[in-house]
Amino acid sequence: MRRAHLLGLGFLSPALAIILMLFLIPVLLTVMFSFTNMSTATGISGGAYEINAASLRKLSDAGAQESFVETLGKEAFVVDDAGITAAAAAYGEQFANEVGSQMLGERFDSRRDLERAFRKLKSRPRSTRDIKKAADLFKRSVLNVRFETAGGLLDAVTGNGIEMTPDQQELLTKTIYTGWTWTSDNFALMAQIPYVWRVAGNTLMYVVLTLAASVGLGLFLAITTFYLPSGTATTFRAIWFFPRILPNVIFVLMWKWLAWDTGFLSSLLGNFGVPPRNWMLDTGANAWVFIVLINGIVGASLGMILFGSAIKSIPQSMLHASEVDGASRWQQIRYIILPQLRWPIMFICAYSTLSLLTSFEYILLSTDGGPGGATEVWSLMAFHTALDNYAGNLQYGLGAAMALMLVIVGILASLVYLRIFNFNDLVAKPRIEQ
Amino acid sequence: MTTLVSKLRQSTAAAVLAVTAASFAGDAFAKDLTITVWAGGSNDSDVYRLDAIEMAADMLTREYAINGEELNITVEKKRDFADWAAFKQAVTLAAEAGDAPNIVVTSHLDIAPWSQAGLIVPVEDYVDMDAWPLNNIYENLIEITSYNGVVYGLPQDAESRPFFFWKDTMKKLGYSDAEIDALPAKVESGEYTLANVLEDAKKAVDMELVEEGYGFYPRVSNGPDYAQFYQSFGGEMLDKETGKLLLDKQAMTDFYQFFVDAVEAKVTRKNHIGTEWDQWYAEVASGKAAMWHGGTWHYARYTGKEGLDDFFGNIQFTLIPAGNENGRANTITHPLAYLLTAQDNEDDVEIAAQLIKIASEPRINTLHAIKSAHLGIAKEQSNIELYANDRWAAEATERLLGQANAQPNHTGYGQFSQIMFKGLETAWTGTRTPAEAVAEVEAEMKATLGDEVIVR
Amino acid sequence: MTSSNFRSWPLFLVLGVISMPLVIMYVYLFVDTVTDTTAGSLIPDRFTLHHWRFLWEEPETGRVSIWTVTLNTFIFAICTTLINVSASVTAGYALSRLNMPFKRFFLGGILTLHAFPTITLIISIFLILQMIGLYNTLIGVILVKTALELPFGIWIMKGFFDNVPWEIEMAGLQDGASRFTVWWKLVLPQVQPGVAALAVFVFLSAWSEFILPQVLAPSGSAQVLSTYLSNLIFDDIKPDFNMFKSVGVFYALPVIVVYLIFNKQLMNIYGGGTKG
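Chains as they are written, first to last, in the UniProt record's numbering: chain A, 1 to 434; chain B, 1 to 456; chain C, 1 to 276.
Since the hints were made in silico from the structure, they are not lab data.
A few of these clues could be false.
Unchecked claim - The following residues of chain C were derived to be distant from chain A, with all beta-carbon distances above 12 Å:
#: 1; residue: F47
#: 2; residue: T48
#: 3; residue: W52
#: 4; residue: P59
#: 5; residue: I75
#: 6; residue: L95
#: 7; residue: R97
#: 8; residue: L138
#: 9; residue: G176
#: 10; residue: S221
Unchecked claim - In silico BS3-like cross-links for lysine-lysine, where the CA-CA straight-line distance does not exceed 25 Å:
#: 11; chain 1: B; residue 1: K446; chain 2: A; residue 2: K58
#: 12; chain 1: B; residue 1: K244; chain 2: A; residue 2: K74
#: 13; chain 1: B; residue 1: K202; chain 2: B; residue 2: K171
#: 14; chain 1: A; residue 1: K122; chain 2: A; residue 2: K74
#: 15; chain 1: A; residue 1: K174; chain 2: B; residue 2: K244
#: 16; chain 1: B; residue 1: K171; chain 2: A; residue 2: K58
Glycine included, each C-beta is placed from N, C-alpha and C at the ideal position.
Isolated chain A, as found in the complex:
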């Protein structure tokens, strides 16, 4: 490889390393997760094998024989020679002798009973935890024990004298595994849940309305400030630019204050006899108005600046000439300014569609999808499903599948945009080499 190549790759490598690690691998993982049933209960980093009341229930549902399930589910602590030997090694001969002489052959149905029996002994270990550990040396069942591997579980079961056929072994390890498994159910599930379809509709509405609001408002601001004297124009631009750079938590806080039941709107309208209410969450329609306004104003800030700089690049002579010809202001906008803005408008639409589809911070902070899920959009639903809900049942798998839909839409849209905005022009050949 030539030196120039190395230089190029070297220059690119820090960025590539970061992007690869925290951007591309996550994309691949998202794809992977969306084909699992991963959730809070299964854990992310793999599961274990545990026989307990809940997993035994699953086992009999899966068709295991009743007698087998019953044997597995029996709790037993037996004071036998093996246990006494182990106790002697861990807690001393004296204790083991006392256990042996007083309790040999006894059976206990729970550890707590055995602990109680131990506590009557004079030479017992003097810490609660040691007594519990000593009791565990006499455990002759696998109930409520967590095994990291299937082998460990099977050995323990066989060690307790329960014989299993290979079929039973397979059924056992398969059913009681607590971790996640591969599945393609997530996608079928999404199609089955009516709520998901409603959210899809909301998302479409959100993108269309917000886009319309931000492009419309952006155009209006760019054109009006263009016609104003520069001092006034700068002030207005600053007013409308701030929402873009103001941290979103503060921006939403301002709107909440405006809409709060004790806030500005309620106090103002209170003077006219309108009862106070939370204007943001009062009805679904109200919530939509606020969502579109909040997001639309942030979008309009960007539009205002892009359109503004495009208008500035229109030759002044063109505008002067039209004025001499007696064009009205409307005609000037319609025939000179708007045609110049075709590309910036297209760019904003393309760019905003994607960012609206995937951004949910403003909705999360303002309505959180309410009232009654009226303003829940797809990305927010993915976030709620995977990471953020009252019940705390985080469904990583389903959430990732929802996110994957957006990833696919994002990639497709980018490919289309690359064609529209003429990718080849962007990849200029270096002029120094060759």
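Dock chains B and C against chain A, hints included.
The following block gives chains B and C in isolation, referenced to the frame of chain A:
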């Protein structure tokens, strides 16, 4: 992938163990450790959830000192989470990353999923459940913090969720003082039902005693409270025999229908859900609503920040009335629990276990109970003056706690309750009829919970 | 426009009316932090510094001091800016000027990522951070924020490098300087406005970031102002809008300062990145 992660974990664990072993070898008697406690959904009045651990640490240090061991515990306390959702997300992810706080204060409902995932360890493996103060905790509370017969957590507080009546409005509706005093008994016996609630609420609105939408003024967000109304109409959440969740379609439809009727009768607002809590508290504590339901801890807020001086003179409280002949008057208790998270170093877990044990001392727990208007966890608390002299704690314990049941510890219950509430919201806001909403609920429950739910 | 045909007062009027809600919100955002208002009234009637008490009072049990949080936010924003800008400047130059294999592929990839649903990846990002042991640390959040904004940064910087005349480099090379020296001594100074613009942009974006620290660094020691403020708003026993606003103004001050100083550079990035 999975194996890689677990390998990575094991090796870190081994490294940590090696390091701790090395550091302990040299200096066996002085031990410094930091115990982290996170509490979810906790306001300023709930600080004893955290402070109790600090008090316990002080006590434990003294006990160790008497045995000649030097133990220095730093307690790191955190409760500033945006809401329950953010708290649970933080705990779950931190635990997955092996970076969990030692102790968490959370709903007992988290025990099922978190124990299956191995995020928490049974408290009974570390403390003597037969010894003081654990042998004094109410057995039914211990049962609520157990899963699969194993005690996973220690109850941190108890509460229940009563139905409230504004006495003045009731009097204007024609109830005498004696009748109002007899209400709790009539509700309990099933004489006064949710149908009467609707009727009285409508009268209150029609007579303009309260504004439209303020006849019956329910909780503004999802919570265990709504499962109570499902029970009022005969719904059961868990099938006792099979241990599976239970969707009773008839009860669910009746329960949704009740709220739809309330909206149609103009006694409840269609857009009620999502009302700000501050507004809600201020309104119910000033008699703007005729009837509502809430929690025992609301007492602290009504009499504190909202400035309702004479609670007992203004408000009557009862169980949640029965809905129809299928159901019963009921109330749900939703205790929070101290849970121990799995840690690489088992000694830390043991110290944490001893701390939550000491924090369950009746005297320490009483500080929390009275400051936050929760109910006690241990029998002896009624012999502690601070508790016994508090009229609210005494009356609420007697009238409500005996009838209280808890929601089931089941890995799928979180989804169950969420879908149930989503269905209620769609019916309530008029997006769907109750029957349609229940059909959606059924479809979604079958899809997400599969075999774990029985539809009846 | 100066022609009398184009009177500006009707425009001024319309614009003023439309801007009114925003202006009201800004004004009250500041006024409410130092005044008290009787309930139900719109006009503040008492001056007070009470709402700013969070600056000097001890934090309550289970909360973090505002100063720790502010320091965190600065570290977070500044580190993100430094890493992002340095990586963007090198990568942008490579993509704009240097010859290398797979260039088309890299450029296409960067462009696709630039418009990518980043936040939906947060679960997987969590897992990666957990594996490399950076979950619940400020460094972790810094790296993630950098990674997610890098494609945009590279793209912008490439645009600025594209506008530097080739003659400058040719001349440098003819004088016998190495490619690296030429870049460092001759090209970089040419794109200084771009670097400044990108730095300001990234700083502001990191300063506002909410979801990433919220999910990836929940413990108190790594909290930033955005999560601090949103956690404060939750506490429903003591809702104090004026105090929320005071924290909000405290949080917004750097943004306002940055805007006042770097206003021109910021416009550069919004205007410049899209001419292509």
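query = Under the criterion that the straight-line Cα-Cα distance not exceed 25 Å, is the pair K202 of chain B, K171 of chain B satisfied?
reply = OK: K202 of chain B and K171 of chain B at ~15 Å, within 25 Å.
query = Is the nearest CB of chain A more than 12 Å from the CB of S221 of chain C?
reply = holds (20 Å)
Least C-beta distance from I75 of chain C to chain A larger than 12 Å = For I75 of chain C, whose nearest Cβ neighbour in chain A is about 16 Å away, the distance exceeds 12 Å, so it holds.
inquiry  = Need the status of pair K244 of chain B, K74 of chain A: alpha-carbon distance at most 25 Å?
reply    = It holds: about 21 Å lies between the C-alpha atoms, which stays within 25 Å.
request  = Mind verifying the non-interface call on L95 of chain C? Its CB should be farther than 12 Å from each CB in chain A.
outcome  = violated (7 Å)
ask   = Far enough from chain A: is every CB of that chain over 12 Å from the CB of R97 of chain C?
value = Non-interface label on R97 of chain C violated, nearest chain A Cβ at 6 Å vs cutoff 12 Å.
message = Given the hinted pair K122 of chain A and K74 of chain A, is their Cα-Cα distance within 25 Å?
response = It is violated: about 30 Å lies between the C-alpha atoms, which goes past 25 Å.
ask   = Under the criterion that the straight-line Cα-Cα distance not exceed 25 Å, is the pair K171 of chain B, K58 of chain A satisfied?
value = Judged against 25 Å, a Cα distance of about 55 Å means the pair is violated.
request  = Verify the proposed pairing of K446 of chain B with K58 of chain A, using a straight-line Cα cut of 25 Å.
outcome  = holds (16 Å)
task = Determine whether the non-interface label on F47 of chain C survives the test: each CB of chain A must be over 12 Å from its CB.
result = At about 20 Å from chain A, F47 of chain C clears the 12 Å cut-off, so the statement holds.
request  = Verify that the Cβ of G176 of chain C lies farther than 12 Å from every Cβ atom of chain A, and report whether the claim holds or is violated.
outcome  = Given a closest Cβ separation of 14 Å, the condition holds.
query = Would P59 of chain C pass as off the interface with chain A, using Cβ distances and a cut of 12 Å?
reply = At roughly 19 Å from the nearest Cβ of chain A, P59 of chain C sits farther out than 12 Å, so the non-interface label holds.
Checked against the numbered hints given earlier, this structure breaks hints 6, 7, 14, 16; the rest are met.
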